[in-house]
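Colleague: Spelled out, the chains give:
Number of protein chains: 2
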Amino acid sequence: MDHKQENNNYPLILKGTVIWSDENRRYQIVPGGYLIGEAGICQGVFETLPDEYKGIPVQDYQDQLIIPGMTDLHVHAPQYGSRGFGMDLELLEWLNTYTFPEEAKYKELEYAQKGYSVFVNDLVQSPTTRACIFATIHKEATLLLMDLLEESGLVTYTGKVNMDRNSPDFLCEKDVQTALEETIQWIVESRNRYQNTMPILTPRFVPSCSDELMRGIRDIMEEYKLPVQSHLSENRNEIAWVHELCPNTACYGEAYDQFDLFGSKDPAIMAHCVHSGLRERKLMKERGTYIAHCPQSNLNLASGIAPVRTYLEENQKIGLGTDVAGGANLSLFRAATDAIQMSKMYYCYVDSKKAPLTMEEAFYLATRGGGSFFGRVGYFEKGCELDALVLSEQEIPTPKVLSVEERLERIFYLAEKTAVAHKFVRGKQLY
Amino acid sequence: MDHKQENNNYPLILKGTVIWSDENRRYQIVPGGYLIGEAGICQGVFETLPDEYKGIPVQDYQDQLIIPGMTDLHVHAPQYGSRGFGMDLELLEWLNTYTFPEEAKYKELEYAQKGYSVFVNDLVQSPTTRACIFATIHKEATLLLMDLLEESGLVTYTGKVNMDRNSPDFLCEKDVQTALEETIQWIVESRNRYQNTMPILTPRFVPSCSDELMRGIRDIMEEYKLPVQSHLSENRNEIAWVHELCPNTACYGEAYDQFDLFGSKDPAIMAHCVHSGLRERKLMKERGTYIAHCPQSNLNLASGIAPVRTYLEENQKIGLGTDVAGGANLSLFRAATDAIQMSKMYYCYVDSKKAPLTMEEAFYLATRGGGSFFGRVGYFEKGCELDALVLSEQEIPTPKVLSVEERLERIFYLAEKTAVAHKFVRGKQLY
Numbered sequence: 015m016d017h018k019q020e021n022n023n024y025p026l027i028l029k030g031t032v033i034w035s036d037e038n039r040r041y042q043i044v045p046g047g048y049l050i051g052e053a054g055i056c057q058g059v060f061e062t063l064p065d066e067y068k069g070i071p072v073q074d075y076q077d078q079l080i081i082p083g084m085t086d087l088h089v090h091a092p093q094y095g096s097r098g099f100g101m102d103l104e105l106l107e108w109l110n111t112y113t114f115p116e117e118a119k120y121k122e123l124e125y126a127q128k129g130y131s132v133f134v135n136d137l138v139q140s141p142t143t144r145a146c147i148f149a150t151i152h153k154e155a156t157l158l159l160m161d162l163l164e165e166s167g168l169v170t171y172t173g174k175v176n177m178d179r180n181s182p183d184f185l186c187e188k189d190v191q192t193a194l195e196e197t198i199q200w201i202v203e204s205r206n207r208y209q210n211t212m213p214i215l216t217p218r219f220v221p222s223c224s225d226e227l228m229r230g231i232r233d234i235m236e237e238y239k240l241p242v243q244s245h246l247s248e249n250r251n252e253i254a255w256v257h258e259l260c261p262n263t264a265c266y267g268e269a270y271d272q273f274d275l276f277g278s279k280d281p282a283i284m285a286h287c288v289h290s291g292l293r294e295r296k297l298m299k300e301r302g303t304y305i306a307h308c309p310q311s312n313l314n315l316a317s318g319i320a321p322v323r324t325y326l327e328e329n330q331k332i333g334l335g336t337d338v339a340g341g342a343n344l345s346l347f348r349a350a351t352d353a354i355q356m357s358k359m360y361y362c363y364v365d366s367k368k369a370p371l372t373m374e375e376a377f378y379l380a381t382r383g384g385g386s387f388f389g390r391v392g393y394f395e396k397g398c399e400l401d402a403l404v405l406s407e408q409e410i411p412t413p414k415v416l417s418v419e420e421r422l423e424r425i426f427y428l429a430e431k432t433a434v435a436h437k438f439v440r441g442k443q444l445y
Numbered sequence: 015m016d017h018k019q020e021n022n023n024y025p026l027i028l029k030g031t032v033i034w035s036d037e038n039r040r041y042q043i044v045p046g047g048y049l050i051g052e053a054g055i056c057q058g059v060f061e062t063l064p065d066e067y068k069g070i071p072v073q074d075y076q077d078q079l080i081i082p083g084m085t086d087l088h089v090h091a092p093q094y095g096s097r098g099f100g101m102d103l104e105l106l107e108w109l110n111t112y113t114f115p116e117e118a119k120y121k122e123l124e125y126a127q128k129g130y131s132v133f134v135n136d137l138v139q140s141p142t143t144r145a146c147i148f149a150t151i152h153k154e155a156t157l158l159l160m161d162l163l164e165e166s167g168l169v170t171y172t173g174k175v176n177m178d179r180n181s182p183d184f185l186c187e188k189d190v191q192t193a194l195e196e197t198i199q200w201i202v203e204s205r206n207r208y209q210n211t212m213p214i215l216t217p218r219f220v221p222s223c224s225d226e227l228m229r230g231i232r233d234i235m236e237e238y239k240l241p242v243q244s245h246l247s248e249n250r251n252e253i254a255w256v257h258e259l260c261p262n263t264a265c266y267g268e269a270y271d272q273f274d275l276f277g278s279k280d281p282a283i284m285a286h287c288v289h290s291g292l293r294e295r296k297l298m299k300e301r302g303t304y305i306a307h308c309p310q311s312n313l314n315l316a317s318g319i320a321p322v323r324t325y326l327e328e329n330q331k332i333g334l335g336t337d338v339a340g341g342a343n344l345s346l347f348r349a350a351t352d353a354i355q356m357s358k359m360y361y362c363y364v365d366s367k368k369a370p371l372t373m374e375e376a377f378y379l380a381t382r383g384g385g386s387f388f389g390r391v392g393y394f395e396k397g398c399e400l401d402a403l404v405l406s407e408q409e410i411p412t413p414k415v416l417s418v419e420e421r422l423e424r425i426f427y428l429a430e431k432t433a434v435a436h437k438f439v440r441g442k443q444l445y
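Protein chains in written order, with my numbering: chain B, 15 to 445; chain S, 15 to 445.
Heads up, some of the hints might be wrong.
Listed next, the in silico DSSO-like pairs over lysine-lysine satisfying Cα-Cα at most 30 angstroms (straight line) [claimed, not checked]: (1) Lys153(B) - Lys414(S); (2) Lys367(B) - Lys368(S); (3) Lys128(B) - Lys68(S); (4) Lys128(S) - Lys414(B); (5) Lys68(S) - Lys431(B); (6) Lys367(B) - Lys431(B); (7) Lys414(S) - Lys188(B); (8) Lys431(S) - Lys128(S); (9) Lys442(S) - Lys68(S); (10) Lys367(B) - Lys396(B); (11) Lys153(S) - Lys414(B); (12) Lys431(S) - Lys414(B); (13) Lys367(S) - Lys368(B); (14) Lys299(B) - Lys367(B); (15) Lys188(S) - Lys368(B); (16) Lys68(S) - Lys121(B); (17) Lys279(B) - Lys128(B); (18) Lys442(S) - Lys128(B); (19) Lys153(B) - Lys296(B); (20) Lys128(S) - Lys431(B); (21) Lys414(B) - Lys188(S); (22) Lys414(B) - Lys121(S).
The set of hints was computed from the structure by calculation and includes no laboratory data. The structure displayed is predicted, hence computed values, not measured ones.
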């Protein structure tokens, strides 16, 4: 902590080939640029070092690429140990067969300590600097995860999950009152304990949450002013089930919105939105709901392809999620290229009028798109919080002379674990 | 070479959890099994060490997984330095914009040395033990690549590319006679030079090869008894072009078959087969044509999704290709999971009667399916050539206790570069 304080007390100057997205989702590139931060806040990127900073040590990364830290808008920490297998089922069966039994083990703090340590260590090594994380229903294990996250230097929202119906006995809250009391205790404890680790309300998804529970979560949201995260329109069977459970609503989104949990009051992130129709998209737009696009999970669970081009055309709020363990990979490099690849299949097989995502757009989603959930995050303008990655191409030699854009694209596609050489979060260097 | 001879002169005994595919594409698993080779030939996998091998040193890998080496049925070595960028174009434009100008540089041996060294080094580190490789039109650079491959210990077919029409001046053979003469010189030189590195005839694809060139390649095939590799039905515009160029043929496959280059005499590998209709599939089946399924390339170039389930139902000969640089990744772990993911999108958007590939099937394709092009390769029965990988899970810790099948699936999905701890090719340990 002392080290962090120190770091924030004098300007940070990083020199390299600096790249970020402007608001039109186009690259801004400054070769040999000076990226300057003070007290964790970006002061801008300059072609020459401004006079006022002369004499201050420069961390000179030569020609290495420097890009904003990335935001993972949707990831399940307790599923990290289960990533990469059990890919033969669709959502609802997958949850019952693999996911729920595994999450139940996180009642035991010893198991949670093991699993969450692996997750947090790998998250630090990944290109992610910000994340919105699902824990489990277990208050103590969730606080343990938040302790590890706080220690890591990453900035996260983490949610104790709420679920009180259609859930197995071994992973179901005792009753609504207990669920809400524990949720409040968790919020109070976490609010006093952390600087970079914030609670987020996390009703699992409509099928798992009774109306009474949802109403209670709304009350907590209003009292504590917390954002919300959940799942939306991921799988066709799931959507049909929600329609049965909530016959009074015209779309899945309304099943959250009727309890003000769709962004109408505090911000809401909805993961997936693969099959959101016109009415739901209109509601998302009105409420400013964040879409966490999780392409690899949608592939692995055969959920389908989200209409990302449509979301961009509609100017929806959207970023990327890895959705481990629906997605196997924790890297947003991979999520970004998965998003491009999926959009090409959408173009081939669903709607040839919807152009595939470009690399610039995928870069935007991974950095500024998702980052905006955290405020002015994920780009390098004056006043932004300074999250930055210095990239290495050492592991991917080529005889070819490449443009800056080609070098960046290549790092995304090759998604080497070693690509992130140095990471800075809120101006603090993690490594 | 001495070291290799020595290695082949005494039995090789590897102990671990041994896994391979049977002919029904199902796992065979022997925990604590002894995989035994003599003179590079598999003697079988045994639950207890047979008496005749007692006293011979055992390489004991404890509980580590031991699987067959994998076969990459389609990869372009000179495109390796260009992988991972320029993914915004479809096939024909992509070739003209990125690929052809890059391949032209391989005329210069110094450039070829740099590029091919990187390729071969990475191929050795990958799970591939066998590969069918496209070089360029340049004879000397192709021999240079083959020198590096021979040195590596991998077993490969490598082709000097033929192309004499619809090609840019800077990457086009001078005339048919020169093309054929150089091809023969290359074959003769390479036949005298290598043990593990074999020539394969490589007409680039129908649009690049005149009828006269194709006839000449047929004559060479008949004289030298060489297999053939090319491209087939990858992209809709390409297919339409072939239809214009060869109005006498009813499908793209016939444009090869009319010159006996579709497997009717010597074996042929056709990459992609994304849009092969009934007539073409029937011809492939009759000719025993090998399909190199290259899922990631088909994604990146928005070519479409090959009907892999149909090919399996038809008992076509089929394996996987990375198709670098249409595909960005050289790892067949990744190609196998890409194939599963693509098959799920095929199921979602093209034909819900075609079940997605299972992990067992993808494993089969990566090992035994493609390996069979090289003979009895890619599995562990008595008489097979012994290519094996010892896998490491050190980089992917989990608190969960996993089954053997889950461990294997996880290695494929997480595709860590460090997963291949030891590699054996024809009984020789490369590392």
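Colleague: With reference to the structure, classify each hint as holding or not holding.
Modeller: Status of the hints after comparison with the structure:
1. Lys153(B) - Lys414(S): holds, 21 angstroms
2. Lys367(B) - Lys368(S): holds, 26 angstroms
3. Lys128(B) - Lys68(S): violated, 41 angstroms
4. Lys128(S) - Lys414(B): Answer holds: Lys128(S) to Lys414(B) is near 9 angstroms, not above 30 angstroms.
5. Lys68(S) - Lys431(B): violated, 43 angstroms
6. Lys367(B) - Lys431(B): It is violated: about 35 angstroms lies between the C-alpha atoms, which goes past 30 angstroms.
7. Lys414(S) - Lys188(B): Holds, at roughly 26 angstroms.
8. Lys431(S) - Lys128(S): Answer holds: Lys431(S) to Lys128(S) is near 21 angstroms, not above 30 angstroms.
9. Lys442(S) - Lys68(S): holds, 21 angstroms
10. Lys367(B) - Lys396(B): Violated, at roughly 37 angstroms.
11. Lys153(S) - Lys414(B): holds, 21 angstroms
12. Lys431(S) - Lys414(B): holds, 23 angstroms
13. Lys367(S) - Lys368(B): holds, 26 angstroms
14. Lys299(B) - Lys367(B): Holds, because 22 angstroms separates the two Cα atoms, which is no more than 30 angstroms.
15. Lys188(S) - Lys368(B): Violated: Lys188(S) and Lys368(B) sit about 43 angstroms apart, past 30 angstroms.
16. Lys68(S) - Lys121(B): Judged against 30 angstroms, a Cα distance of about 49 angstroms means the pair is violated.
17. Lys279(B) - Lys128(B): Distance of about 37 angstroms is beyond 30 angstroms: violated.
18. Lys442(S) - Lys128(B): Since the Cα atoms of Lys442(S) and Lys128(B) sit roughly 39 angstroms apart, the hinted pair is violated (cutoff 30 angstroms).
19. Lys153(B) - Lys296(B): Measuring from Cα to Cα gives roughly 35 angstroms; hence the hint is violated.
20. Lys128(S) - Lys431(B): holds, 24 angstroms
21. Lys414(B) - Lys188(S): Judged against 30 angstroms, a Cα distance of about 26 angstroms means the pair holds.
22. Lys414(B) - Lys121(S): Since the Cα atoms of Lys414(B) and Lys121(S) sit roughly 14 angstroms apart, the hinted pair holds (cutoff 30 angstroms).
In summary, the structure is inconsistent with hints 3, 5, 6, 10, 15, 16, 17, 18 and 19 from the numbered list given earlier, while agreeing with the others.
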